[in-house]
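2 protein chains.
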Amino acid sequence: MKIAIFGFGTVGSGVFDVINMNSDIIAKRAGKPIEVKYVLDLRDFPGNPVEKVLVHDVNVILDDPEVKIIAEVMGGINPALDFTKRALMLGKSVCTSNKELVAAHGAELIQIAKEHNCDYYFEASVGGGIPIIRSLCDCLVGDDIIEIKGIVNGTTNYILTRMGEDGLAFDVALKEAQDNGYAERNPAADIEGTDAQRKAAILASLAAGAQVDCADIPTEGICDITAEDIACAKSLGAKIKLLCNIRRDDEKVSAMVAPFLVFENCQLYHVNNVFNGILVTGNATGDVLFYGKGAGKLPTAGAVAGDIIEAAKYYGIPSDIIWSTEKAHMAAQGSRLGRYYVRLDEKDAMEARKVLGVTAEGSSSKAGEVAFLTETMNEKDFNDKIKAFNVLSKIRVYD
Amino acid sequence: MKIAIFGFGTVGSGVFDVINMNSDIIAKRAGKPIEVKYVLDLRDFPGNPVEKVLVHDVNVILDDPEVKIIAEVMGGINPALDFTKRALMLGKSVCTSNKELVAAHGAELIQIAKEHNCDYYFEASVGGGIPIIRSLCDCLVGDDIIEIKGIVNGTTNYILTRMGEDGLAFDVALKEAQDNGYAERNPAADIEGTDAQRKAAILASLAAGAQVDCADIPTEGICDITAEDIACAKSLGAKIKLLCNIRRDDEKVSAMVAPFLVFENCQLYHVNNVFNGILVTGNATGDVLFYGKGAGKLPTAGAVAGDIIEAAKYYGIPSDIIWSTEKAHMAAQGSRLGRYYVRLDEKDAMEARKVLGVTAEGSSSKAGEVAFLTETMNEKDFNDKIKAFNVLSKIRVYD
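Those protein sequence lines, which keep their order, are chains A and B. Under the working numbering, the final residue of the first sequence carries the number 990; numbering is consecutive throughout. Under the working numbering, the final residue of the second sequence carries the number 990; numbering is consecutive throughout.
Since the hints were made in silico from the structure, they are not lab data. One or more of the hints may lead you astray.
Because identical chains cannot be distinguished in the list, a pair is counted as satisfied if it fits within a single copy or across any two copies.
[Unchecked claim] List of simulated lysine to aspartate or glutamate pairs, EDC-like, C-alpha gap at most 20 Å: (1) Lys904 / Asp735; (2) Lys619 / Asp878; (3) Lys825 / Glu855; (4) Lys619 / Asp911; (5) Lys628 / Glu937; (6) Lys619 / Glu699; (7) Lys976 / Glu855; (8) Lys623 / Asp911; (9) Lys705 / Asp807; (10) Lys888 / Glu691; (11) Lys619 / Glu917.
Model the full assembly from the supplied sequences, consistent with the hints where possible.
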């Protein structure tokens, strides 16, 4: 079976390597040998083994009926969307790591794939090497999925871990992440939560079986988290983690991305550094945690390779991913019930304690400040109540 | 689509409940409604809704061409093996939680299913609700699986957790587990490691793609673990966990079940109480952890229901699980390299430290005893070297 790879960046070269490195076992599992016939990239790679199969024109690949499966690992919406649509309409299955495209056009592309008897797979779009997509679509299928909460961005988890371990300031931890190659030079998509938001949109859509847009997912990043907050959280027995949280209730779905205080009794507390962890709650199975490397060349490439093998093994028998183009019924925003961590001026403390209630006292090392956990209330009430005070930090609590 | 359930015990009644409770979502995912036409059990259940579909004679079910899928949740080899074979030969797919049968006859039953264009699925046989089997067979397929290490028995994990938390003696913790319904009245299969051994045989066979028999898996239970050992391990920063450990190297596979010291940097350290955790290492994806409830009525039933849905969705298009009836090439026993925890008489301490090397000193609360971690060596060397001493405990270290 002949395949092509769109894009020879980090993931693309990883897919090329994995297909070659594990060719024997892949042939056995796919039921036939898999060969990379073309790699599409605008650039040249002199001296690289890819040269023999490198092409600059997508039409060479689309026009070749021998190519049955394409790994789209270019990233971005354009031209990936156009290329993917054309490939699917020609009956070529497409396997991708492109979370931006999947979040925005997944439902539509799945629909096109179905109409043309081929597959659109996207295991690598969430959680890198963690098999969360196929687990949701093919494994936990006897369950009604009630909740998904996950650490789905390794960069921010690394930054928060380093802030917690060594008391680093956010800027210092970010710089360290960049120096170690865990954050990009322009880190906005990670630290502002956009990357996690895209993944949340994909997970929420699969949980609901209908379209959840990024725009429907309130998102807060970690830029405002201070070393002081991390220390206060520690004094409360908690860590701060950037979570995506998806809940389903009465046929309505809600999704958000925000920092949360997480306690030691939650498995996500133990998901540190660049690792990802996704906790899925089904009404029969209860909690299942998936943990692993959420990014990186080989883990992501391994997930794309897994998709390619599934597409090859069941070529002509498309799988049926339930993700309709209809909009999901979203729960009203601000209806989430939970506790909050607040840090505020000592002068507000007595009144704030009375109004918000206190369920745990933290210790702030800064003179003139107090930190505590409030009682359980909904988001709207909380935000109304704190208007009277000079709140320095407010972070949701995951109980 | 009509199905039947063989056995109306804990898991069987759970499958019955899940199929009814989640019928809408199951119909959507399977692409057709799924209805339980028969439940097979020798007993009567007066007043139970199952009465309407209860039969005592397996032939009623096997002879009914309307029944396409069977959930075999009887347990044991006989008559489950005979019933399963007959069902598969009639082209009826079988989904099971019966780890004893899968470990002993899985390869053969998969072969029969292939020959009769149906499926033999066994997601619930390892890790209860954790989708480890399908992840190995359909998700991590781009990877060469190098290692699997797992806590696959919830009963022993509960006992070891309670011993560690409250310093309970083994017998006291076992009694508590029995009182809470986490251990059976005859706990031998759990505490002696037989249950974990069966699961290890299934995982090792899937990792190797060939048959690994229980007899090829050296197995030690937890009966000899003392409160003293747990306390010494704690002083070394470790917990004691019953692990199954499967390694693949140069086309050879090794598997064992034994207590290990596990440190905090390993995710399995955080898998406590009745939970299971399975850490899979692929050569591309690296470490992926699967965590969840390894037993219990609904988690196990959820996994069986997931299999039923997959079997229904792809009815007539059997999946291809690679597990040949040929024996896997096993590595020589005793070749495993690792450190050991030893506890011994003070009088032997000086000589033992010299012979075994010391990499960490534990503190034993018992007068006249010492505990430490040795240097890395293979099992055969270790066992030869300790012959000279009165070793009170020896436990492998997972580094």
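Status of the hints after comparison with the structure:
For the identical chains of this complex, Lys904 and Asp735 are inter-copy neighbours only, at 17 Å across copies versus 28 Å inside a copy, given an alpha-carbon limit of 20 Å. Taking the shortest Cα distances, Lys619 and Asp878 never come within 20 Å of each other, neither inside one copy (33 Å) nor across copies (23 Å). Taking the shortest Cα distances, Lys825 and Glu855 sit within 20 Å of each other both inside one copy (11 Å) and across copies (18 Å). Only between protomers do Lys619 and Asp911 lie at most 20 Å apart by alpha-carbon distance; the minimum there is 10 Å, versus 24 Å within a single protomer.
Within a single copy, Lys628 and Glu937 get their C-alpha atoms no closer than 67 Å, and across copies no closer than 68 Å, so neither meets the 20 Å cut-off. Taking identical chains as interchangeable, the C-alpha atoms of Lys619 and Glu699 lie at most 20 Å apart only when they sit on different chains, with a minimum of 19 Å there against 32 Å within one chain. Taking the shortest Cα distances, Lys976 and Glu855 never come within 20 Å of each other, neither inside one copy (29 Å) nor across copies (41 Å). In this homomeric assembly, Lys623 and Asp911 come within 20 Å of each other (Cα to Cα) only across copies, at 13 Å, whereas the closest approach inside a single copy is 23 Å.
Taking identical chains as interchangeable, the C-alpha atoms of Lys705 and Asp807 are never at most 20 Å apart, the minima being 26 Å within one chain and 46 Å between chains. For the identical chains of this complex, Lys888 and Glu691 are intra-copy neighbours only, at 18 Å inside a copy versus 39 Å across copies, given an alpha-carbon limit of 20 Å. In this assembly of identical chains, Lys619 and Glu917 lie within 20 Å of each other by CA distance solely across copies; the values are 16 Å between and 39 Å within a copy.
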